[in-house]
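Undergrad: Sequence:
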Amino acid sequence: MPESVKPRVAVIGLGSMGFGMATSLRRAGFDVAGCDVSADAVARFVADGGRGGKTPADAAKQADIVVSVVVNAAQTETILFGKDGVAETLAKDAVFISSATMDPDVARRLAKQLEATGRHYLDAPISGGAQRAAQGELTILASGSPTAFAKARPALDAMAAKLYELGDAAGQGAAFKMINQLLAGVHIAAASEAITFAAKQGLDIRKVYEVITASAGNSWMFENRMPHVLDGDYTPRSAVEIFVKDLGIIQDMARTAKFPVPVAAAALQMFLMTAASGMGRDDDASVARMYARVTGTALPGEPK
Numbered sequence: 001m002p003e004s005v006k007p008r009v010a011v012i013g014l015g016s017m018g019f020g021m022a023t024s025l026r027r028a029g030f031d032v033a034g035c036d037v038s039a040d041a042v043a044r045f046v047a048d049g050g051r052g053g054k055t056p057a058d059a060a061k062q063a064d065i066v067v068s069v070v071v072n073a074a075q076t077e078t079i080l081f082g083k084d085g086v087a088e089t090l091a092k093d094a095v096f097i098s099s100a101t102m103d104p105d106v107a108r109r110l111a112k113q114l115e116a117t118g119r120h121y122l123d124a125p126i127s128g129g130a131q132r133a134a135q136g137e138l139t140i141l142a143s144g145s146p147t148a149f150a151k152a153r154p155a156l157d158a159m160a161a162k163l164y165e166l167g168d169a170a171g172q173g174a175a176f177k178m179i180n181q182l183l184a185g186v187h188i189a190a191a192s193e194a195i196t197f198a199a200k201q202g203l204d205i206r207k208v209y210e211v212i213t214a215s216a217g218n219s220w221m222f223e224n225r226m227p228h229v230l231d232g233d234y235t236p237r238s239a240v241e242i243f244v245k246d247l248g249i250i251q252d253m254a255r256t257a258k259f260p261v262p263v264a265a266a267a268l269q270m271f272l273m274t275a276a277s278g279m280g281r282d283d284d285a286s287v288a289r290m291y292a293r294v295t296g297t298a299l300p301g302e303p304k
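Take 1 as the starting number for the sequence shown in this note's numbering and just add one per residue.
Watch out, some of these pointers could steer you wrong.
[Claimed, not checked] Ranges of calculated distance between the beta carbons of each label pair, as one might list FRET restraints: (1) Ala28 <-> Arg255: 40 to 48 Å; (2) Gly232 <-> Gln62: 45 to 53 Å; (3) Thr139 <-> Ala265: 21 to 29 Å; (4) Phe81 <-> Gly29: 36 to 44 Å; (5) Lys200 <-> Ala265: 20 to 28 Å; (6) Ala150 <-> Ala266: 36 to 44 Å; (7) Pro227 <-> Asp40: 48 to 56 Å; (8) Lys258 <-> Ala298: 41 to 49 Å; (9) Gly129 <-> Ala43: 45 to 53 Å; (10) Ala265 <-> Pro227: 24 to 32 Å.
To be clear, the hints were calculated from the coordinates, so they are not data collected in a lab. All values reported here derive from a predicted model rather than from experimental measurement. Glycine included, C-beta positions come from ideal geometry on N, C-alpha and C.
Starting from the given sequences, assemble the full structure and let the hints guide the process.
TA: The structure is reproduced here in structure tokens:
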């Protein structure tokens, strides 16, 4: 296509991340169609100036780039090859950018299956949260063929502040993301344990937060998530169930590799306990609430 003509883009999944990514693409001048299981999310995107698609296949009709922003591998596979999947309708030689966190082996299988149809697959998990998605400032951990990168680059440039090119085949991006998720999950569990233990000691946890964020024990997750505990606000920015899934994938990968991951395993149990307590859809800082309830510790906003 001529340089002056921007590729047609479809974004499948208009949740907190996908909506921001679709908005960033529109802001960069792309013709963007959005699709989501929530009709309200699609209506909101249309009201914002985008186009709506009734199904993934409809949104991806003759698209040059499809950005898939769903939760897991199963949803990604359905979007690709299920009923009304995008593989039926996206343009020949188009690229599918997969942003879901998944097992690297599954990413490799999906890539092989799509590439057999003459399209390209970019394994491109994301990090950065909803605000950075809306600002076009995500970190994208991508791997795929040189052709997949070349075709995806205009969209990647609109969505990312940092793009890491991590290999020439699908699976590498997914593997890098899983290392990040191992650390993120462990750090949230550790931060939740620490802040609730501090409360049990009768410490002023706002002062604890101030001291720790200026000390060696700080982590990005402590600094980012513990204000939710201080405010007693567990509105989900990222839900507990996400780490049940991701730390579960870590366990599967580790078992296959015969590699011990005892710290990640312990963190997974904390998220599982939190989900089992009825907080699976709440903010992942709810691990602190689980600790508080088990130990009879008072936290802000929690019933005495």
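Undergrad: Each hint needs a verdict: does it hold in this structure or not?
TA: These are the hints, each one checked on the structure:
1. Restraint check, Ala28 to Arg255: a C-beta distance of roughly 42 Å satisfies the suggested window 40 to 48 Å.
2. Judged by the Cβ atoms, the range 45 to 53 Å given for Gly232 and Gln62 holds: they are separated by roughly 49 Å.
3. For Thr139 and Ala265, the Cβ-Cβ distance of about 26 Å falls inside the hinted range of 21 to 29 Å, so the restraint holds.
4. A hinted range of 36 to 44 Å is violated for the C-beta pair Phe81 and Gly29, which are about 31 Å apart.
5. At about 24 Å, the CB distance of Lys200 to Ala265 agrees with the hint of 20 to 28 Å.
6. Remark: the range hint 36 to 44 Å for Ala150 to Ala266 is upheld by a beta-carbon distance near 43 Å.
7. Restraint check, Pro227 to Asp40: a C-beta distance of roughly 28 Å breaks the suggested window 48 to 56 Å.
8. Hint check: Lys258 to Ala298, Cβ distance near 43 Å, so the stated range 41 to 49 Å holds.
9. One distance hint, 45 to 53 Å for the beta-carbon pair Gly129 and Ala43, is violated here, with the actual separation near 24 Å.
10. Between Ala265 and Pro227 the C-beta distance comes to about 28 Å, which sits within the given range of 24 to 32 Å.
Hint check: violations occur at hints 4, 7, 9; the rest are consistent with the structure.
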